[in-house]
Amino acid sequence: SEIRAVAEMFRNLGGPTRVKILQALTVEELCVCDLATLLGVSESATSHQLRVLRSQKLVRFRSEGKMAYYSLDDEHIDSLMQVVLGHVREGVA
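The numbering of the sequence shown is our numbering, which starts it at 167 and goes up by one.
Everything labelled a hint here was simulated from the structure, so no lab data went into it. Since the structure is predicted, the reported quantities are computational estimates derived from the model, not experimental observations. Where hints are given, some of them may not hold.
To be verified - Quick list of the computed label-pair ranges, beta carbon to beta carbon: (1) Arg177 x Leu251: 11 to 21 angstroms; (2) Glu168 x Arg220: 28 to 38 angstroms; (3) Gly252 x Ser210: 26 to 36 angstroms.
Note that CB positions come from ideal geometry on N, CA and C, so glycine has one too.
From just these sequences and the hints, can you work out the full model?
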């Protein structure tokens, strides 16, 4: 059902690492190695998190040679991140 799908999406957004990945991808498309460096974790761990995000259609990738570049799946994910960040920032202020 729709409700279960929404709950599953929010569950997959529950980890700080995944949120950091999405936040970074709101700025620009990045490869796994750049995301791993930004997060301070291994490329393997980063790839695992990206697989989870891809399974929920939150991110997509394109291949260029041996490199895979990730971006947000669509503008809805960017909007979701902006709304949630705005809400959090208002609560902190």
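Hint-by-hint comparison with the structure:
Distance hint for Arg177 and Leu251: a CB-CB separation of about 19 angstroms, consistent with the stated range 11 to 21 angstroms. Between Glu168 and Arg220 the Cβ separation comes to about 20 angstroms, which falls outside the hinted range of 28 to 38 angstroms. For Gly252 and Ser210, the Cβ-Cβ distance of about 33 angstroms falls inside the hinted range of 26 to 36 angstroms, so the restraint holds.
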